[in-house]
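**Student:** According to my numbering, the residues represented by the sequence shown are 1254 to 1500, in order.
Some hints could be false.
[Unchecked claim] Taking lysine-lysine and the DSBU-like style, the derived pairs with C-alpha atoms no more than 35 angstroms apart in a straight line are:
id	residue 1	residue 2
1	K1322	K1392
2	K1390	K1410
3	K1392	K1405
4	K1322	K1390
5	K1405	K1322
Hints in this document: simulated from the structure, not taken from any laboratory.
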Amino acid sequence: EESITTALNHLKRTTTVIQKGLYGLVNNAGVSGAPLPDDLLTLDDYRQVIDVNTFGVIRVTHAFKELIKEQRGRIVVVTSVCSRIAMPILGPYSVSKFAVDAYCDILRRELSVFGVNVCAIEPGFFNTPIVNTENIKEKLHIVWENISDDLKQQYGKNYLNHLTDYMREFLRGICSSHTEWVVDAYFHALTSRYPRIRYRIGIDALLCFLPLSYLPSSVTDKFLQIFAHITGAPKPSLPQSCLCRSA
């Protein structure tokens, strides 16, 4: 919050803003958290991601909103394809992006009377620091060290290594290097006479996540199960014993 206040005060002292106001605001900050099942996560794991991805967007928007309203400007918010499909092992990230997507809808409908356009950018997977495999590996190990022995037994001693390898190969296969597509969407949202409400960016977003979001949940569930099986996603080592114990 201190950095937001500092940025706001700096802008208010800027000659251009004093004379013309602020026309555009882009909310782009985001973190992914550790890609693990909900079983292995704590409330703090969710809180850390939501605090940046969701409350961060709300804080920044609240801070600069009046300047945008004065100029009938534009607010651009980066959501994700994970705001359409809740992805297994990406629980905190998906939850945070679903909330941000709803916030965009709220802002767009409330601020339209002030002449403010609100645009959501929905990128697929791109090669950015958020998907850096070394960072992900470090997050996985930190969380794994703090889970109970019972859960480690349920998921198996090789689960962490298998998941680390799986994420490396998955991201290598799906991530696009064309980050300029996202930048072009920012530019269009800020400068076009008729900005879109939503920008779906990336081949995976257009050909996979978007169509899946329109299907019945049961079909989407089955697709994700088949995809996980085909791609070799790791599974808990003791699912049957857990079921027997709870029966």
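**Student:** Given the proposed pairing of K1322 with K1390, does the C-alpha separation stay at or below 35 angstroms?
**Tutor:** violated, 42 angstroms
**Student:** Quickly compare the C-alpha distance for K1405 and K1322 to 35 angstroms and report which way the hint goes.
**Tutor:** violated, 52 angstroms
**Student:** Straight-line Cα separation of K1322 and K1392 no greater than 35 angstroms?
**Tutor:** Given pair K1322, K1392 is violated - Cα atoms ~39 angstroms apart, limit 35 angstroms.
**Student:** Hinted pair, alpha-carbon criterion (35 angstroms max): K1392, K1405. Please report holds or violated.
**Tutor:** Given that 35 angstroms is the threshold and the Cα spacing comes to 16 angstroms, the pair holds.
**Student:** For the pair supplied as a hint, K1390 and K1410, is the alpha-carbon distance within the 35 angstroms limit?
**Tutor:** holds, 16 angstroms
When held up to the earlier numbered hints, the structure conflicts with 1, 4, 5 and fits the remainder.
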